[in-house]
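Visitor: Sequences and hints are given; from them, build the entire structure.
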Amino acid sequence: MNYHWNWGIFAQQVQAGEETYFDWLLSGLGWTVACSLSAWVIALALGTAIGVLRTTRSRTLSGAGAAWVELFRNIPLLVQMFLWFFVVPELLPRELSLWIKQDMPAKEFVTATLCLGLFTSARIAEQVRAGIQSLPRGQRDAALALGLSSAQAYRHVLLPRALRVIMAPLTSEFMNTFKNSSVAYAIGLLELTFRARQMQEDSEQGIETYIAVTLLYFLCAFIANRVMALIEARTRIPGSIG
Amino acid sequence: MISIRGVSKWYGPTRVLDDCSTEVAKGEVVVVCGPSGSGKSTLIKCVNGLEPVQRGEVVVDGVSVTAAGTDLNRLRARVGMVFQHFELFPHLSITDNLTLGQTRVLGRSRDEAITRGLAMLDRVGLAAHRDKFPAQLSGGQQQRVAIARALAMDPVCMLFDEPTSALDPEMISEVLDVMVKLAEEGMTMMCVTHEMGFARRVAHRVIFMDHGRIVEDCTKESFFGTPRSERAQQFLAKILRH
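Just so you know, the sequences run in chain order R and E.
In terms of full-length UniProt numbering, the first sequence opens at residue 1 and continues consecutively.
In terms of full-length UniProt numbering, the second sequence opens at residue 1 and continues consecutively.
What the hints contain is simulated information worked out from the structure, not anything from laboratory work.
We put the CB at the ideal spot given by N, CA and C, even for glycine.
Be a bit skeptical, because a hint or two may be false.
[Unchecked claim] Over 12 angstroms on every C-beta distance to chain E, these chain R residues come out as not near it, computed from the model:
hint, residue
1, Ile9
2, Leu26
3, Thr48
4, Ser62
5, Ala67
6, Arg73
7, Phe82
8, Leu83
9, Trp84
10, Asp103
11, Gly138
12, Arg197
13, Phe222
14, Gly239
[What the hints assert, rightly or not] With the C-beta cut set under 10 angstroms, the calculated list includes, among others, these residues of chain E facing chain R:
hint, residue
15, Gly49
16, Phe89
17, Phe133
Guide: Shown next as structure tokens:
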């Protein structure tokens, strides 16, 4: 292999500017983390709500929840990014459409976060539904028999238990959110993958670039994993196994 | 206190309750027995509306359970229920299990709820376990906590759905002792159980069900003396043989 290794490349300035390549990657990492965490908040809130809807006795509500899940999980994430970025603004009223295209601040960030959040919410909804359905039916009955309303039964009994049950898949989902955020480079969000491609072309040190980026993604996912493990340990029910 | 009038219920084409009628007067203890699948559990769950019925009427303490527009949550708060599998909330401490309904449904302050809850816990002989979690207690202890949880709501009557059938033999008596005490104190009780010793000791009336019908509804004396139906005689012969 006739490759000229240069690990010092990260400290060097980019071709056209004052910044170093390290600065590029660091700012890319910042957008990746911001986009992933914001998307996660959206996904968790919406996913929990939709998952709950799917377990209610109302056909309309559970049908609406099912439609949501199918809509967002049957289309590739990359295509969804393009749809939100290029197609949805065209379908809005003219004024709003113009504002989004010309004036909306952090347009790529908002679009990518919303898209990733909705995509992930469908997956979380399925996990929440499974978690609730895994509980014995008597739990709901016992909550209702005390006089709790349906909403209170979910809030105080069913969800706290279901979320514990699904901690393992939820952890994977949290890690996925970081990794999936890389798709946002396709609509021009200056996140880590975007910066990696930029650095590769600018510096012609592709291998060092992608090794660094790989490690950074790994680190993000790994920290996400540890955070979830910590939460899992803190919320463990005394006397239960695992 | 409890009035069941001409209640019928179907699961799809299967008729699980067939024109059931009975009354439980204030302070009366009524034992419901019968072979499995005879509809006893379904009948008792109709009393607090956990199971909707298609025909007939259930009235508890002057409030119609089956009428549209009845505030079921409010009614259920006044009807204590104890389940076969205890159904304590495993993610809550014993104290929190005792206070959840009181604070969220009855609107009691936390201090007030704890005082009341612990008084009931003491009554079932488990005051020392207030800070434990359900999984740290034996089955018999969990069931006694479940009884305390129901009593803490100051119910006008208590429903028991096979409260001892998931227990090891040596734990059955500790639960029955609590129930006997409760009966002797004048609590209105409707108990689905196969514990004929309990029935003999405290029941005023015994209801025998088969295939969704109330086959016998008579005083304890006449039930254990000369049950009229052949089916009840067979049933008694079987369960009293050993």
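Visitor: Test the statement that R:Gly138 is away from the interface with chain E: the closest C-beta pair must be farther apart than 12 angstroms.
Guide: It is violated; R:Gly138 is separated from chain E by about 4 angstroms at its closest Cβ, not greater than 12 angstroms.
Visitor: Beyond 12 angstroms from chain E, beta-carbon-wise, is R:Leu26?
Guide: holds (41 angstroms)
Visitor: May I ask you to check that R:Asp103 keeps its beta-carbon over 12 angstroms from the closest beta-carbon of chain E?
Guide: holds (47 angstroms)
Visitor: Find the nearest Cβ of chain E to the Cβ of R:Gly239 and say whether that gap is larger than 12 angstroms.
Guide: violated (3 angstroms)
Visitor: Minimum Cβ separation between R:Arg197 and chain E greater than 12 angstroms?
Guide: holds (46 angstroms)
Visitor: Does the CB of E:Phe133 sit less than 10 angstroms away from some CB of chain R?
Guide: holds (4 angstroms)
Visitor: Return the status of the interface hint for E:Phe89: holds when the least beta-carbon distance to chain R is below 10 angstroms, violated otherwise.
Guide: holds (5 angstroms)
Visitor: Take a quick look at R:Ser62 and tell me if its Cβ sits farther than 12 angstroms from every Cβ on chain E, holds or violated.
Guide: Holds, because the least Cβ-Cβ distance between R:Ser62 and chain E comes to about 18 angstroms, which exceeds 12 angstroms.
Visitor: Does the claim that R:Phe222 lies off the interface hold, with its Cβ farther than 12 angstroms from every Cβ of chain E?
Guide: holds (28 angstroms)
Visitor: Please settle this one: R:Ile9 was flagged as non-interface, so is its CB more than 12 angstroms from every CB on chain E?
Guide: Holds, because the least Cβ-Cβ distance between R:Ile9 and chain E comes to about 52 angstroms, which exceeds 12 angstroms.
Visitor: If you take the shortest Cβ to Cβ gap from E:Gly49 to chain R, is it below 10 angstroms?
Guide: E:Gly49 check passes; min Cβ-Cβ to chain R is 8 angstroms, inside 10 angstroms.
Visitor: If we take the beta carbon of R:Phe82, is the closest beta carbon in chain E still more than 12 angstroms away?
Guide: Holds: least Cβ distance 42 angstroms, greater than 12 angstroms.
Going through the hint list in order, the structure does not satisfy hints 11 and 14.
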